[in-house]
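Peer 1: Spelled out, the chains give:
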Amino acid sequence: MSSGFPWLTVLIAWPLVAAAATALTGVGRGRPSAGVVRAGRFGAGAARWVALVGALVEVGLLVGAFLAFDTTAAATYQLTETYRWIPALGASYAVGVDGVALLLVALSVGLVPLVILAAWHEQGGDRSRLRRYLATVLVLEAFMVAVFAARDVFLFYVLFEAMLIPAYFLIGGFGQGSQRRYAAVKFLLFSLAGGLVMLAAVVALYLQVPVEQRGPQTFLTENLIANLAASLDPTAERLMFAAFFLAFAIKAPMVPVHTWLPDVAENATPGTSTLLICVLDKVGTFGMLTLCLPLFPEASRWAAPFVIVLAVISILYGAILAIGQNDLLRLIGYTSVSHFGFIILGIFTFTALGISGSSFMMLNHGISTGALFLVAGFAIARHPRHSQRIADYGGLRIVAPVLGGTFLVAGLSALALPGLATFVSEVMVFLGAYGRWPAAVLVAVPAVVLAAMYVLLTYQRMFTGTPSADVANVTDLNGRERTVAGVLIAALVVLGLVPGPALDYVREPGQVSVELVGATEPAAATTQETTQGTTEGSEQ
Amino acid sequence: MQTLALAPWLVATPSLGAAILLLAGRRTDRWGHWVGVLASAATFVVGLVMLLDMFGMAPEERVAHHTVGTWVDAGALHVDLGFQIDPLSMTFVMLVTFVGTLIHVYSVAYMSHDLDRRRFFAYLNLFVAAMLLLVLADSYLVLFVGWEGVGLASFLLIGFWDHERVNAVAGKKAFVMNRVGDMGLLVAMMLMLATFGAVDFETVIGASAQGAPGASQAVMIAIGLMLLLAACGKSAQFPLQAWLGDAMAGPTPVSALIHAATMVTAGVYLLVRSGPVLEAAPDAQLVVAIVGAVTLLFGAIVGCAKDDIKKTLAASTMSQIGYMMLAAGLGPVGYAFAIFHLITHGFFKAGLFLGAGSVMHAMGDTVDMRRFGGLARLLPVTTITMGLGWLAILGVPPFSGFYSKDKIIEAAFMGEGWRPWVFGFAALLGAGITAYYMSRLFFMTFAGRRRWASDGPDAPHPHEAPALMVWPMIVLAVGSAGLGFALNVGDGFVHWLEPVVGHTEHHEPVLPVWLLIALTLVLVVLGAALAFRQYAMSAVPTTPPHAHALVRAARVDLHQDDVNEALVMRPGQYLTRALVYSDRTAVDAGWLGLAGGIGRFGDRLRRLQSGYVRQYAAQTLGGLAVIAVVVWLLSGQVG
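Chain order of the listed sequences is A and B. With the first sequence counted from 1, adding 15 to any position gets you our numbering. With the second sequence counted from 1, adding 1159 to any position gets you our numbering.
Derived by calculation from the structure, the hints in this document are not laboratory data. Among the hints, erroneous ones may be present.
Have a look at the derived ranges for each label pair, beta carbon to beta carbon [unchecked claim]:
1) Val1727/B <-> Asp519/A: 40 to 46 angstroms
2) Arg1609/B <-> Ala396/A: 54 to 60 angstroms
3) Trp317/A <-> Val1325/B: 51 to 57 angstroms
4) Thr86/A <-> Glu1220/B: 37 to 43 angstroms
5) Glu530/A <-> Pro1491/B: 45 to 51 angstroms
6) Val508/A <-> Arg1765/B: 56 to 62 angstroms
7) Val1727/B <-> Val324/A: 20 to 26 angstroms
8) Val1325/B <-> Asp485/A: 17 to 23 angstroms
Glycine included, C-beta positions come from ideal geometry on N, C-alpha and C.
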């Protein structure tokens, strides 16, 4: 069953083509001989142009997909393609996106060219290494697009695990930290542990489907939702929910399974961190939203109080830990723990407002944290020792005002300043969550003050005061870097001032998610007496 | 109104100015400041056109909305990008743009030697834009955008000279303390959405005006207190006042802008705008009045002990805003006077700050009043303009402050039970102390002997400021002198605001009005006379003399920073360190321990693979035995 041009398959396949082209460009030429890097006309240096053009073509393809998408039916899977894959297992190659998935695909596709541009001179000037790095980035892009587009739980699982391979190499092979191999193994072990538990649940899911309803498309998400609704045993449902949730919570990352994240952030390049934390980790929250809630509605409602408590802990814990960091990239990593807490809080509000807020926040957090990581990378690249210690900087705004300005805007977006994209989504999550979990939200609200602390304290330490000797002579951002930061900041401002068009993609999916999980919206107190006559808006 | 569609331009024009100056960068350094002035002046003109249009309408038609489109629409939340155009918002528009433009003009000269003057003007424009969005919004969510916008602008401007770390710290302190208040507005919006199903003024204030049917009293009190928390942060009211003194780290025009036109007046605006919400929760309203009364005395006491001319003025702002908060907490009888005082205060406080800037300009950026003295002859224009501001803040008739402050004192004496006596005498006492410390400032600066070195290489050569600085001061001085009288003619200003704040029946204070006026004047004269005796008649020591405990406490702002440090900052630092430590040693180490345990288990298993055939044979035998036992047990059960 396919409709029209296979946009998604092309979007998945093209980065692989681009990756191959990048990997092959200038092989055998421009190799470093005796430590000297020679850049031939078609040498390894040209590979980055190939990668960039490839990534930009992908952006063009994305525009096509957006044009083919009908926002008036944003809650239904569109651009669908379904082919038989392993009929005996009930697994098929089925892709399709709703509004939320499309935004996340857009986030992946949009960030990759910027990451490539930001990495232009990375890898210590070793261009053949840079070529391999960029090829790996493009491979990862293909997997990221595929995992958000997957409509088949088995396919999703396979991609969920397969993504680890390029991610592992990006951290361990191309990282800039001295402990990059340790961080890569840690990331791999945490992810694999979650993945294996999830595999057990995927198998159990198949077994839970009544025999007469099994077929070549058993694992199709919509089939599972329809076929499991009646037959699911409550205990089995809760166990499977727990397994899926654990895998997603590790990926998301949620306290207390977050400890791999700061190590990765510290040791990977800022570009890798951008892709990993801003895009790949969204698979966790995306999975909670599109798999946990509709497949296990009863268990989701049952587990919601626990999840909410963990989410609130994540929000505050991540923020406090961020304040206490000395390493710039670790700090940004911890801010993400806090932000992922917000996303999870919004999902488990089971209100259209909270869930669409979370969906929007997945996009905004990606852009905002991506900007923070990449601009931080520009600052680090300017330090003579490439130090990541905040204390090694000072007065940077005075010598590099554009660098200071872009870092500040990215930071302000992280603290959800109105006018920048994250604000709208954070307010949606807060307002949506209050209707369902007032106490939890009140506990979480001080995070807005903590966010102001970790952003402005960092800005104050790195960018104000007398320029320290190390950075007294640095140059300001060049055109390439300004392009990267400018695109991200423009996106933040546009989404912050005019969130309407983006909300068109998440509004209806939010409502449908609430219906699938079987919750009722809490009603306003003043209208409640006429409509319900009860103050109990919650399903719990 | 025909000019309603101009409303978005009030916000867009200064925003555009800021955007041009920030994005165009150094290219606009030579003429950028004029872009800023032009943007601000153009906004004033747009506002004036709308105001004149509004004058032509019947009073009941002056409240209007202009909706640009939907801003956020998802689930239960629907918020339009809408503008509220009514006498209250237009009053603010005029104050912000008129005083704001004067400050822009003044800054052209004041900042002329600063390499970053263009950036300064970009931030000034941003400040004006954010403040205008704040007062023009027709929902709490859009108001919040402006609300945090002014917080950002104040952060940028207070820390403008960020090559000095201490200035940057002051900017951060302002933003973080403001965020504590913003948290209140955020929670208030949550409560509103859960209670009324919307966050726009029409729904929330409309329902509150009818007694908020269906909402419990506890919720209304909570909303009221959360709005108060927000107002405390933005308006530097007790207990969130600590940022205001440090905010003097910014260039002096910034102080004038923050204290007169933008920023600190926002809290008063919020509470007056939300009047019906507070009236539906009388307990919360009482707390507003108490906070106002406490702050007006707090600020006044601190003001008496400061030797820094700007910090004295900052303390005075805190105190004067306290008057406005008190008035806002008195209910409908006080709303119009809160705004009235806000307007007159805007003029005389801006004038006083610009005057202080002129004095600093003359004295080589010295701010220590103990090093001033005898400047009246050298800076005649500054002396006269600041003198008019001084008379205005004292409330000497017929200057501006007399009309607005006396009305608040009168209103504070209205009501029943203990309240009129407590609030009334707090306001009265505040007037006396204000007279003392403002006279102290005036006499220490302009009267007495000169206490600055008149020769030597670093000696200042006091001279009057250039025309671009002087003219804004003169205009503001004229306002300080005459605006109160002009707005009071036939109760004009009160009637002007009636479409928004409602008409209130005339109440009588618990003491006769003539007695209150007389008492106030006596206290003001006493305060001023005392200051005259101490600082004009006798010599002023150039170092602060030893003083008793209250004065020593007032010199350090009644220990506000120590209290904040002990209650919030230190415990916060300990918590942060403890959590950073335990994240490594407990959470992460726990997982690493688990991984290590599995590794050691694998290590043990590996030792079984010894390579000795005899050992494998033994293991095989053992395994077979186990299997046999299991099979036997299972078959026994089945059988």
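Peer 1: I'd like to know which numbered hints this structure contradicts. Please list them from smallest to largest.
Peer 2: The structure breaks none of the hints.
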